[in-house]
Amino acid sequence: MSVLLAVGEAAKAYGAKRLLDVAGLALAAGDIVILSGDNGSGKTTLLKLLAGLERADRLRMRFDGIEATEGRFPRELRRTIVYVHQHPYLFNTSIADNVAYGLRLRRVAREERERKVRDAIGWAGVGHLLAVPPKRLSGGERQRVALARARALEPRVLLVDEPTASLDAQARGQVLELLRQTATGDNCVVVACHDRELLELGGARRWHLEGGKISEA
Amino acid sequence: MSLLDATREAFVRLFAGDRELWTIVLISLKVSLCALILATPFAVALGFWVASHRFVGRRTVILALQGLLSFPTVVVGLVLYLLLSRSGPLGPWHLLFTQDAMIIGQAIIAFPVLAAFTLAAVHGADPRLRETAVSLGAGPWRSALTSLHEVRFAVVAGVLNGFGRVISEVGCSMMVGGNIAGFTRNIPTAIALETSKGDFAQGIALGAVLMAFALGVTALLGLVQEEREPR
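Residue numbers (numbering that gives the first Met the number 0), protein chains in the order written: chain L, 0 to 216; chain F, 0 to 230.
Derived from the structure by calculation, the hints contain no laboratory data.
One or more hints might be untrue.
To be verified - Below, a list of computed lysine to aspartate or glutamate pairs in the DMTMM-like style, where the Cα atoms sit at most 25 Å apart:
(1) Lys16/L with Glu215/L
(2) Lys115/L with Glu130/F
(3) Lys115/L with Asp185/L
(4) Lys115/L with Glu153/L
(5) Lys16/L with Glu130/F
(6) Lys29/F with Glu225/F
(7) Lys29/F with Asp17/F
(8) Lys196/F with Glu19/F
(9) Lys134/L with Glu19/F
(10) Lys115/L with Asp30/L
(11) Lys212/L with Glu69/L
(12) Lys212/L with Glu8/L
(13) Lys134/L with Asp17/F
(14) Lys212/L with Glu66/L
(15) Lys212/L with Asp30/L
(16) Lys134/L with Glu130/F
(17) Lys115/L with Asp96/L
(18) Lys134/L with Glu225/F
As the list claims (entries may be wrong) - Where chain F lies over chain L, by a calculated footprint (3+ residues, C-beta under 8 Å):
(19) 89-103
(20) 200-212
C-beta atoms are modelled at their ideal positions from N, C-alpha and C, and glycine is treated no differently.
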């Protein structure tokens, strides 16, 4: 399978402490990667480096002919890779506006935008929450809205950080099911997690981060 | 005239639509609103920029803004007077004793309030806010606008506080406006004048309007707060 995202090198240090120093990562279309590692091992930092949200000390990354380095993270790449926080931030508007945010930025025509928002909201099963202000949603509901917001953009690379952390069993099950459905065959999904059920997800690749290096099981 | 008589006379004038009294009220509103319109874009931009950038001297800028919050309005008036007076560097603009001079003075007074509120709001915003906007495809401008939109209630609270400060300030308006009847006489300068003349009824009537403004602003702030933190 052809490589979608190739990371030649990604390194980050905080002061004297080298947090990340990974090289030779490759993601192909259809890949689901479960990224494990202890707390503080750099999982979030790695995902944020790949999403261009944090500046790397050294970065060489290529997606579909577009190259990113520590000094330059092209906008096309930002619009291809979507990162979802462990505790997602929802804008203080409606749920529908949250889901439509990225589509508006991409100037998607109104009718198509509304259709995509409807589809994503239906997919995430949050249609009954449309009238609820985002601040009043539970952790699991916020996570589902955030996944709907990401899915509406049909990102080629989706990076999800600890999506089931601190969720109850029911919310965890719902989020896990959405994550299973997120990998569509022409995108790739990287999920950082501790969750045993996710770690055992069938068909997924496993990366383990330790001492700043990644090993693949 | 006893205090009770003066108060009764004040409300008679208010409800009878006393032309002189309501002209003063309108001048006050016009000057203060224009000052806010003038100051808000620059103050919000500065507050946002200082909150979201690291640069040498940032701490000094923040301290200066905080210091200016309690800067005496009469000193602002004095400095502006010296600048606008005939022999001052801005004398050729012929602005002294005009509403424009009052607007500039009140804009200077409102500026640190607006900037400090914006700065505090943006500085206190959740760091995931900007990351989320960027991750969903927002460029620097759009993510800045999104951040401002998210803290809009705090910015509006700053504007209302700024209004409360300028509508009631007397020092600067008196010095650069000159308290000219029907032109630069606003509520605070008129109260000072009428009280010194012994026309307490006019002073009380204008004081009542000023208090109504203050209560209105407080009520609006309450609504903004309610909107920001829905129960």
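Against the structure, the hints:
no.	hint	result
1	Lys16/L with Glu215/L	23 Å, holds
2	Lys115/L with Glu130/F	23 Å, holds
3	Lys115/L with Asp185/L	18 Å, holds
4	Lys115/L with Glu153/L	10 Å, holds
5	Lys16/L with Glu130/F	24 Å, holds
6	Lys29/F with Glu225/F	28 Å, violated
7	Lys29/F with Asp17/F	18 Å, holds
8	Lys196/F with Glu19/F	16 Å, holds
9	Lys134/L with Glu19/F	50 Å, violated
10	Lys115/L with Asp30/L	24 Å, holds
11	Lys212/L with Glu69/L	18 Å, holds
12	Lys212/L with Glu8/L	11 Å, holds
13	Lys134/L with Asp17/F	49 Å, violated
14	Lys212/L with Glu66/L	22 Å, holds
15	Lys212/L with Asp30/L	20 Å, holds
16	Lys134/L with Glu130/F	18 Å, holds
17	Lys115/L with Asp96/L	12 Å, holds
18	Lys134/L with Glu225/F	13 Å, holds
19	89-103	holds (count 4)
20	200-212	violated (count 0)
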